[in-house]
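From first to last, the protein sequence lines stand for chains A and B.
Residue numbers for the first sequence, in my numbering: 1 to 332.
Residue numbers for the second sequence, in my numbering: 1 to 332.
In case anyone wonders, no lab produced these hints; they're calculated from the structure.
Check each hint, because a few of them may be wrong.
To be verified - Simulated DEER-style distance windows between Cβ atoms:
(1) A:247 to B:209: 17 to 27 Å
(2) B:191 to A:79: 56 to 66 Å
(3) A:274 to B:271: 18 to 28 Å
(4) B:204 to A:79: 37 to 47 Å
(5) A:247 to B:49: 38 to 48 Å
(6) A:194 to B:65: 34 to 44 Å
(7) B:209 to A:80: 30 to 40 Å
(8) A:198 to B:119: 34 to 44 Å
Here a beta-carbon is modelled for each residue, glycine too, at the ideal position from N, C-alpha and C.
Protein chains: 2
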Amino acid sequence: MKIGLDAMGGDNAPVETVQGAVDAAREYGIEIVLVGKPEAIQAELAKSDTVGLRLPIEPAASVIPMDEHAPSTAWRRQRDSSLSVSLQMLADGKLDAVVSAGNTGAVVSGGTFMLKRIDGIDRPALGVPFPAMGDIGKVFMVDVGATPDAKAFYLVQWARMGVIYMERVMGVQNPRVGLISNGEEEIKGSELVRETFPLLQQSGLNFVGNVEGKDIPNGVADVIVTDGFTGNVILKTTEGVAKMIFDLLRSELTASPITKILAAGLRPRFRNIGNRLDYAEYGGSIVLGVNGVLIKPHGRSNAKAIKNAIRVAKSAVEQDVMSVFREVGLSA
Amino acid sequence: MKIGLDAMGGDNAPVETVQGAVDAAREYGIEIVLVGKPEAIQAELAKSDTVGLRLPIEPAASVIPMDEHAPSTAWRRQRDSSLSVSLQMLADGKLDAVVSAGNTGAVVSGGTFMLKRIDGIDRPALGVPFPAMGDIGKVFMVDVGATPDAKAFYLVQWARMGVIYMERVMGVQNPRVGLISNGEEEIKGSELVRETFPLLQQSGLNFVGNVEGKDIPNGVADVIVTDGFTGNVILKTTEGVAKMIFDLLRSELTASPITKILAAGLRPRFRNIGNRLDYAEYGGSIVLGVNGVLIKPHGRSNAKAIKNAIRVAKSAVEQDVMSVFREVGLSA
Numbered sequence: 001m002k003i004g005l006d007a008m009g010g011d012n013a014p015v016e017t018v019q020g021a022v023d024a025a026r027e028y029g030i031e032i033v034l035v036g037k038p039e040a041i042q043a044e045l046a047k048s049d050t051v052g053l054r055l056p057i058e059p060a061a062s063v064i065p066m067d068e069h070a071p072s073t074a075w076r077r078q079r080d081s082s083l084s085v086s087l088q089m090l091a092d093g094k095l096d097a098v099v100s101a102g103n104t105g106a107v108v109s110g111g112t113f114m115l116k117r118i119d120g121i122d123r124p125a126l127g128v129p130f131p132a133m134g135d136i137g138k139v140f141m142v143d144v145g146a147t148p149d150a151k152a153f154y155l156v157q158w159a160r161m162g163v164i165y166m167e168r169v170m171g172v173q174n175p176r177v178g179l180i181s182n183g184e185e186e187i188k189g190s191e192l193v194r195e196t197f198p199l200l201q202q203s204g205l206n207f208v209g210n211v212e213g214k215d216i217p218n219g220v221a222d223v224i225v226t227d228g229f230t231g232n233v234i235l236k237t238t239e240g241v242a243k244m245i246f247d248l249l250r251s252e253l254t255a256s257p258i259t260k261i262l263a264a265g266l267r268p269r270f271r272n273i274g275n276r277l278d279y280a281e282y283g284g285s286i287v288l289g290v291n292g293v294l295i296k297p298h299g300r301s302n303a304k305a306i307k308n309a310i311r312v313a314k315s316a317v318e319q320d321v322m323s324v325f326r327e328v329g330l331s332a
Numbered sequence: 001m002k003i004g005l006d007a008m009g010g011d012n013a014p015v016e017t018v019q020g021a022v023d024a025a026r027e028y029g030i031e032i033v034l035v036g037k038p039e040a041i042q043a044e045l046a047k048s049d050t051v052g053l054r055l056p057i058e059p060a061a062s063v064i065p066m067d068e069h070a071p072s073t074a075w076r077r078q079r080d081s082s083l084s085v086s087l088q089m090l091a092d093g094k095l096d097a098v099v100s101a102g103n104t105g106a107v108v109s110g111g112t113f114m115l116k117r118i119d120g121i122d123r124p125a126l127g128v129p130f131p132a133m134g135d136i137g138k139v140f141m142v143d144v145g146a147t148p149d150a151k152a153f154y155l156v157q158w159a160r161m162g163v164i165y166m167e168r169v170m171g172v173q174n175p176r177v178g179l180i181s182n183g184e185e186e187i188k189g190s191e192l193v194r195e196t197f198p199l200l201q202q203s204g205l206n207f208v209g210n211v212e213g214k215d216i217p218n219g220v221a222d223v224i225v226t227d228g229f230t231g232n233v234i235l236k237t238t239e240g241v242a243k244m245i246f247d248l249l250r251s252e253l254t255a256s257p258i259t260k261i262l263a264a265g266l267r268p269r270f271r272n273i274g275n276r277l278d279y280a281e282y283g284g285s286i287v288l289g290v291n292g293v294l295i296k297p298h299g300r301s302n303a304k305a306i307k308n309a310i311r312v313a314k315s316a317v318e319q320d321v322m323s324v325f326r327e328v329g330l331s332a
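Construct the complete structure from the given sequences, taking the supplied hints into account.
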């Protein structure tokens, strides 16, 4: 198996990307192709003992900036970018999967155009493991931003792919599907939700009905489906609220010498909570609906997040999720 | 000033509603009309010293259930309900404002039909003070659920009313308006966002552009405008994430005798954070766009939340927000 890593993609590239690749190559024993500027990658590799690890470099001259203002066409304007070179190798069958922590819009658009959509899948979607009580990453939300304006039948296609992902990659049996809504009462639900609800009921999926934002962390469903606008807002709101609470905790617990001492004794406990909410543990999002395993970890990924994203890519390849995704497309 | 309280509305009615009214009548020196079942209200009043307080009872024979499945028509089917009687008194000019912690759908629909919409305002909206860093309730989000399927010009009308509310009731000068989006880049934003953006730019309001979910708690805008579907999802997600983190804290900090002792010493600090996120401090949401001051505190309101909602109602009446809202309608 050969997994390509966009070594230049992400806020902390190439330092953390290369370190994550080294750790993953050692732990999983797979070949990881580092795509990007050879000198920069070489300089990072030199910091680790890489004897016996398979970490070839594939040169790419440019990098798509994280704050690129026209990300949807960046892949085309920068054919020599680490992202475009990675995707081209995947499209050409020279790689089994690609991991890129680069600009999300560029990854989704590049993936959609360069890998092409799966036949019968109308729009790509970004699926992401979501923090929840119980096991880490037990909830998978799709779409979190690839397709802001969705139609009801897109959501059904995404739900099918989400279910396959949860079954094959996360080992969840008969995953339950929930539809994000603003409530369960008669007057609730947007037009899209009211159209999607009956389609999911008739889909043969294990559909558990509408799910409110407050219920997501409770694990009432394994796959949460929504349009890319709402999903992105949920993800970002979660990030903002968690940050607000941790900022409040920090300011309250460092307010006096006594609170500092007490809090120091509880540090391992706070760290446990932080880990539960740490995106680095979750292995990143996946671009669903394109012809290839394309994993997009958080832009702020550290080495651990990159390593976990590579683990998810490896698992998706081993479980051959692409073949099953293609069956969804054929039957759609 | 006479404020009507739906004494039977809310999960903890009439115990907490009547207690909240007693506290508010004492603290603010205003008359509060308790609408509902006289015996039930009388029994609660008997628990407090109400000498000198103006707390008349207005009889209403029935109560709209909190889990009413057809809330949009409940006001009409139950004309004798505490909600409908309260709203009718407000419509007839016998009250200056109404506070109801009852079923949200029933309050919004009842308010819209019984009070009528303000001329020129096309749809009602539910606005709510939102937890944020800095001062409590400094961020006001509209709509959080009254109108799930919105049009761009509704959002502009709601933004105008939100600005007036923040200026008059919350004392914020020249409030900044932000539009919820899934990012600021070119490919981001739903169709509704892309239509609303230029309208807000041309509105003369202090529009600061798109706001992501993660930025809401940072106070990047004073008034956050979005459709009722997205706003409700944001509110509920915030609730769910906060609960998840507090549940994790509780389980980590009670894990051993030692953590319990350390955590006990920090209890006042944790309480400060809880208060910052406590809906009871925020005074409840307001139904914007109807002819009358209608305040809707959380369904789970305790006495403090009811008292704060009455304070907000009083302030809205004193500041004559209705006249200013009507000017928005006339100029829309």
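Item to complete: Would you pick out the hints that fail for this structure and give their numbers low to high?
Response: Hints 2, 6 are the ones this structure does not satisfy, whereas the remaining hints hold.
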